[in-house]
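Sequences listed follow chains X and Y, in order. Be aware that the first sequence starts at 1, since it is given in the working numbering, and climbs by one per residue. Be aware that the second sequence starts at 1, since it is given in the working numbering, and climbs by one per residue.
Since the hints were made in silico from the structure, they are not lab data. Owing to the predicted nature of the structure, the values given are computational and were not obtained by experimental measurement. Please note: incorrect hints may appear among the correct ones.
No copy labels: a pair is met if it fits in one copy or bridges any two.
Said to hold, decoys possible - Listed next, the in silico SDA-like pairs over lysine to any residue satisfying Cα-Cα at most 25 Å (straight line):
id : residue 1 : residue 2
1  : K277      : N317
2  : K249      : T15
3  : K277      : H303
4  : K42       : Q138
5  : K217      : R164
6  : K248      : T16
7  : K135      : L107
8  : K248      : F79
9  : K248      : P299
10 : K277      : P316
11 : K248      : T15
12 : K277      : D307
13 : K248      : L62
14 : K277      : T301
15 : K249      : H303
16 : K172      : H255
17 : K345      : L51
18 : K277      : A313
19 : K3        : D163
20 : K277      : D298
21 : K217      : N258
22 : K277      : T315
There are 2 protein chains.
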Amino acid sequence: MSKKPLIIDVHGHYTTAPAALGAWRDLQIAALKDPSKTPDPKSLKISDDELRESIETNQLKLMKERGSDLTVFSPRASFMAHHIGDFNTSSTWAAICNELCYRVSQLFPDSFIGAAMLPQSPGVDPATCIPELEKCIQAYGMVGINLNPDPSGGHWTSPPLTDRQWYPIYEKMVEYDIPAMIHVSTSCNACFHTTGAHYLNADTTAFMQLIQGDLFKDFPTLKFLIPHGGGAVPYHWGRFRGLAQEMKKPLLQDHLLNNVFFDTCVYHQPGIDLLTKVIPVDNILFASEMIGAVRGIDPETGHYYDDTKRYVAATPNLSEEQRYKVFEGNARRVFPRMDAALKAKGL
Amino acid sequence: MSKKPLIIDVHGHYTTAPAALGAWRDLQIAALKDPSKTPDPKSLKISDDELRESIETNQLKLMKERGSDLTVFSPRASFMAHHIGDFNTSSTWAAICNELCYRVSQLFPDSFIGAAMLPQSPGVDPATCIPELEKCIQAYGMVGINLNPDPSGGHWTSPPLTDRQWYPIYEKMVEYDIPAMIHVSTSCNACFHTTGAHYLNADTTAFMQLIQGDLFKDFPTLKFLIPHGGGAVPYHWGRFRGLAQEMKKPLLQDHLLNNVFFDTCVYHQPGIDLLTKVIPVDNILFASEMIGAVRGIDPETGHYYDDTKRYVAATPNLSEEQRYKVFEGNARRVFPRMDAALKAKGL
Numbered sequence: 001m002s003k004k005p006l007i008i009d010v011h012g013h014y015t016t017a018p019a020a021l022g023a024w025r026d027l028q029i030a031a032l033k034d035p036s037k038t039p040d041p042k043s044l045k046i047s048d049d050e051l052r053e054s055i056e057t058n059q060l061k062l063m064k065e066r067g068s069d070l071t072v073f074s075p076r077a078s079f080m081a082h083h084i085g086d087f088n089t090s091s092t093w094a095a096i097c098n099e100l101c102y103r104v105s106q107l108f109p110d111s112f113i114g115a116a117m118l119p120q121s122p123g124v125d126p127a128t129c130i131p132e133l134e135k136c137i138q139a140y141g142m143v144g145i146n147l148n149p150d151p152s153g154g155h156w157t158s159p160p161l162t163d164r165q166w167y168p169i170y171e172k173m174v175e176y177d178i179p180a181m182i183h184v185s186t187s188c189n190a191c192f193h194t195t196g197a198h199y200l201n202a203d204t205t206a207f208m209q210l211i212q213g214d215l216f217k218d219f220p221t222l223k224f225l226i227p228h229g230g231g232a233v234p235y236h237w238g239r240f241r242g243l244a245q246e247m248k249k250p251l252l253q254d255h256l257l258n259n260v261f262f263d264t265c266v267y268h269q270p271g272i273d274l275l276t277k278v279i280p281v282d283n284i285l286f287a288s289e290m291i292g293a294v295r296g297i298d299p300e301t302g303h304y305y306d307d308t309k310r311y312v313a314a315t316p317n318l319s320e321e322q323r324y325k326v327f328e329g330n331a332r333r334v335f336p337r338m339d340a341a342l343k344a345k346g347l
Numbered sequence: 001m002s003k004k005p006l007i008i009d010v011h012g013h014y015t016t017a018p019a020a021l022g023a024w025r026d027l028q029i030a031a032l033k034d035p036s037k038t039p040d041p042k043s044l045k046i047s048d049d050e051l052r053e054s055i056e057t058n059q060l061k062l063m064k065e066r067g068s069d070l071t072v073f074s075p076r077a078s079f080m081a082h083h084i085g086d087f088n089t090s091s092t093w094a095a096i097c098n099e100l101c102y103r104v105s106q107l108f109p110d111s112f113i114g115a116a117m118l119p120q121s122p123g124v125d126p127a128t129c130i131p132e133l134e135k136c137i138q139a140y141g142m143v144g145i146n147l148n149p150d151p152s153g154g155h156w157t158s159p160p161l162t163d164r165q166w167y168p169i170y171e172k173m174v175e176y177d178i179p180a181m182i183h184v185s186t187s188c189n190a191c192f193h194t195t196g197a198h199y200l201n202a203d204t205t206a207f208m209q210l211i212q213g214d215l216f217k218d219f220p221t222l223k224f225l226i227p228h229g230g231g232a233v234p235y236h237w238g239r240f241r242g243l244a245q246e247m248k249k250p251l252l253q254d255h256l257l258n259n260v261f262f263d264t265c266v267y268h269q270p271g272i273d274l275l276t277k278v279i280p281v282d283n284i285l286f287a288s289e290m291i292g293a294v295r296g297i298d299p300e301t302g303h304y305y306d307d308t309k310r311y312v313a314a315t316p317n318l319s320e321e322q323r324y325k326v327f328e329g330n331a332r333r334v335f336p337r338m339d340a341a342l343k344a345k346g347l
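Here chain X stands alone, though its shape is the one from the complex (with noise of 0.2 Å):
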């Protein structure tokens, strides 16, 4: 493995939208009370020039910097906000937060590749995400979705990941061989901190349900990514491991492993050592979350937390063939599309 590996970070939202795009959202919240007020989507003007500079000064500089290549590009997650309005709100609002990933993909194809929100609303059914789920796959050439386990922000309405009322949408990931991150939005609730509690809840959440059901019985090649490291999971690994074996579950290597993978958003180097020391490498995708939820600089080593690159080339437990894979090699594995498209450019 002498050739350096591409460093693809499987988890970026575009945080930095201009200041336009909220002042939209603003008033499409505001006209939940008066609907004659609701706003045109085509009197949001953002231009191409905007759209470059908010991603030069801002994430592409940091990936610059950092020595990554290729960013999955999602609008950002804690503006998803699905419990707002209802399903009309959230179809308006998905399209245009996924139209401008789609263009920071065409603006900087080399850069940056689209994953799509979903027009989720808490308790409509998740086929009337398919459309949205449709145009952003075949007519944006995105390669994965954002899936929330929770629409309601912090009230766990919905029910389980292994619900059928999900299928619909495992089915078209099915057919488009896409995998879902499972990614919730700001919490509503004031006992969750958005990014230090709810995030991390519905992560660990989300891998504790899929350990009780069999879905990937039903879906054979369905893939969730499971985002922040997977939550509390790797680190109470042995207590799932124990839960899974008083319920009679095969092995998570043989139960869950095919189909669950983790990003390396944990921001320390024990963490990610941690990660990479219990976690099998072929379910370990690089990501960084940049930027995102923690944007400072860590006194205890002079670095950004969110600097992952820095961990995993760090931590003793990869070999060089091991760091290809959680840089490179399985990326292309669960973003089949990605792989697609880098290979049509030779890449």
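We have chain X already, so just place chain Y on it with the hints.
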């Protein structure tokens, strides 16, 4: 440090109570639909011999096998089920469960010392718990309490732990100099597996609530123990440090670690290695939660998953003196009433 430390397990529940206890609870629950059938607490008869057998063949047997000396013993966490019925339901149930733990501590005074569950009920002022708390400390000689941050059982309808609604409990804790373990009970939300998701999520959630607030400015001597190794917290220590930094909070060491402690209920060696690497040793207390959520034998080691003493003994991160702190010294400091009880016995 040549003296062998006392091995103090600060997290044990009475999960093996005689079947009559569960049968009485079933009657209590059934009577919620027909209060005329409410069972009399006096109708529950459990003899000392039955208590002895339930302990000698279970917890005490394993304590002897594993070489632990003393367990802080509280009612079964998943049976607290504060979401069931109203305050009177919880009040009667807590009194019964606490009395049983008290009796165990009297039958085996060298091996068990009590901690109390509280008669919490969703939407009810926590101050209503104080009479039961006072009885448990004053009459039963208990040394701590378990505080449920989500008496709704997975719907998270109470305010965060930093809210003033909880202050009457904290005032009593300070008065008696007792710590609270932050411990939820059974989940009645289908999204959350009780021991595989809800417990860990609650640990993470509580810690993040404490980061967001400034509770220990109001209660400088208040002490919380976060069980299950702190949920996701140590694994994501960089994330939490970074979030606190963005919120302009002091370093976590100063902001929380004079008041917040983690137990060692992490059921594999890499987890304990991470915990002891990132969390200061003064903040780690030995515990196993035996007999609890994970009762099997790990095929990878041939030992019980929850035999956490092995992991603490084996980790290269602790010196002999530090191991003394984890096994004994920190527990004496965090549970001053236990320390006093030990000293009264010349220990």
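Find the hints from earlier in the document that the structure breaks and name them by number, from lowest to highest.
-> Checked against the structure, the only hint that fails is number 19, while the rest are satisfied.
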